[in-house]
Amino acid sequence: MPGEGFDIEFKGVHKFYGTLEALHDVSISIRRGELLTLLGPSGCGKTTLLRILAGFVRPTQGEVWLAGERVNDVPPAKRNVGLVFQNYSLFPHMTVFDNVSFGLQMRHLDRATIQKRVQEVLELVHLLEYARAYPSQLSGGMQQRIALARVISIQPRALLLDEPFGAIDRRLRDEMQVEVRKLQQKLGITTLFVTHDQQEALIMSDRIVVMNGGRVEQEGMPLSIYDAPRTRFVAGFLGMDNLLPVQVLRREGQRAVVRLMEGAELIVPLAGELRGERITLAFRAECVCLAGAASGGPRPGPASNLVSVPGTVEFITNLGSRVVYEVRLPDGAILCAQAQRTDRAKEFIRGQQLTVTLKGDHCVLFAESGAGE
Amino acid sequence: MKTARQARLTADFQTIPTRSLVLILMPTLAIIALFLASYGSFILMSFREMLPGTTTVTGNWSLASYRRFFRDAVYPYFLFQTLYRAVQVTLLGLLLAYPLAYFVARSSSKLLRQLVMTAMIIPLLVGGITIVYSWLVLLGNAGLLNAGLKALGIIKQPIRFLFSWKGVIICLVYFVIPYAAFSLIGPIRNVPRTLEEAAVNMGASKLTVFLRVVLPLTLPGIVEAASLTYSLALSAFLFPMMLGGGKVKMMSNIIYETIYVTFDFPFAGTMATILLVVSIAVVVVMTLLQRTARRVRSD
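Protein sequence lines, in the order shown, are assigned to chains P and Z.
Under this note's numbering, the first residue of the first sequence carries the number 3, and numbering increases by one thereafter.
Under this note's numbering, the first residue of the second sequence carries the number 128, and numbering increases by one thereafter.
With the rest of the complex left out, here is chain P (with noise of 0.2 angstroms):
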């Protein structure tokens, strides 16, 4: 039986093409009205998993539950998911009109209330105007709006949305994004979203899943998992640009103590388990702080939630409203930091000493299995 309160559930999903393993028990649960997004990076399953959803790929093993109601053996057509595709899809040589009632025909509804049910979704996307239009005639932004009216018109029981902004240039995206995500909200429709961007999944999402390799690497709300990745994968993929080996000298509770390098000592939140021998220290470019004299090297002390190290600029990307710093440490590594350019104090030239400050706040620790990589 489905969990309560479940729209979406797989349970225990294995999918094998031959004897490639696409997907690797993969368990996930949508709840009513959520948007979920598999987030990861090609070939890692998560469009695989969408199509299980969709009826177009059979899993191997697992249970596929919709609604209360097993689906592994409903035929696609069947089983009333809207899927929205990257490439939108309409057929082009029907009229807006005749694309959105596609699937209101396929149900066999009468000619009134199919022109009705049209007229909302087209006036919910903003297009009404151009029912009788080809879909050749309409910008990219507007056939997407097109694709999404054409599904949600037969009151789908989940939306499914594979890299729908894929085709889009960057800015419409933004507002493409913002406006699906509302559209979502207000219809209150199940929906599990495909994407390889994770700005995109912070956007748009209730819950994201993390996937690799065809395991679910990490699951959490979009700023949990954002703030906290548990794997250097997770911590990779989400822009945390920063990762150094570490020794992890003790721990006190929720804390551990690791050194960077010789004196240098800082305390770090744990956030869960800390297993295995390599342990890596993660922090995003944007934590690190930069102050411009050169220090004189660790000071030994006292472990704290800051540590300061000595550094030389080694390399500037100029980003505009901010810059990004790389920085070499005495040890050799190489720390990135982006710095805010509302401080004009803090702009520095290549080959420059300076001070790097971390805080332990700002970072994450997880050890790496050897298989992780």
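It cannot be assumed that every hint is accurate.
As the list claims (entries may be wrong) - 30 angstroms max Cα-Cα, derived DSS-like pairs, lysine-lysine: (1) Z/K333 / P/K118; (2) P/K80 / Z/K333; (3) P/K13 / P/K118; (4) Z/K283 / Z/K376; (5) Z/K237 / Z/K376; (6) P/K188 / P/K13.
Hints are computed from structural coordinates only; laboratory data are not their basis.
Being a predicted model, the structure only gives us computed values, none of them experimental.
Given chain P, put chain Z in place with the hints provided.
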């Protein structure tokens, strides 16, 4: 929108001088010109006068051959038969070629795809005589097909395939299938598979997906395949001659007999010209149809 780079690339292509483009066409143009000249002389021949009761062509111009063609009901009848049978062959050929083309365009198995392609290429490789011989073996009263049908209890008496239209049509259909299929593969492949999936996702059955999405989108390709098939069937000569056994004839056979049996070159030219005009008319109509189909799609 064109990027600057794309615009530059296009410009580079456009700078190939027309002079050099014409140069590479020269050999082909020469051959085409020679052929057209000889064809033209054949057409001119149709307007020549024949001395009655002889095989001598006089130097006078005359429409006698054309009058003869339309006066004698048997020739328009042969023309009609030829057109009608070509329509039959085209329809049957398309019906059988489409699934083949769809399979090749969509199958995920490379091995099966190549097997089907090879099977399609074989009739093109072996040539007409081999095809005819194979079908003679298959279609005889005691042939494989009749034996099979009898064994299955479908028929009691053998069907007379040979020396009738049935055999000729079967063989012609077999002959045109590869041409039709090969020209359909591209258009089918050009229909994104996600369009079919989108239709299924909207609740369409397989048949509906085909009728509402794949078929309309491949219509230009179908018209193209049809005009190719129709032209091939219209000019059929070997199959009706060999499998028709003199009982069924298409225009090409009549023209052949007129040349080699009665030596009436003006009349042969007349029939060839009429057949040519009809063929061109069909191709023109098909092309117009195709344009319409494309316009509907890209509007």
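Going through the hints against the structure:
1. Z/K333 / P/K118: holds (27 angstroms)
2. P/K80 / Z/K333: Within the cut-off at roughly 12 angstroms; holds.
3. P/K13 / P/K118: violated (38 angstroms)
4. Z/K283 / Z/K376: holds (29 angstroms)
5. Z/K237 / Z/K376: Given pair Z/K237, Z/K376 is violated - Cα atoms ~42 angstroms apart, limit 30 angstroms.
6. P/K188 / P/K13: Holds, at about 29 angstroms.
Hints 3 and 5 from the list above are not met by this structure, while the remaining hints are.
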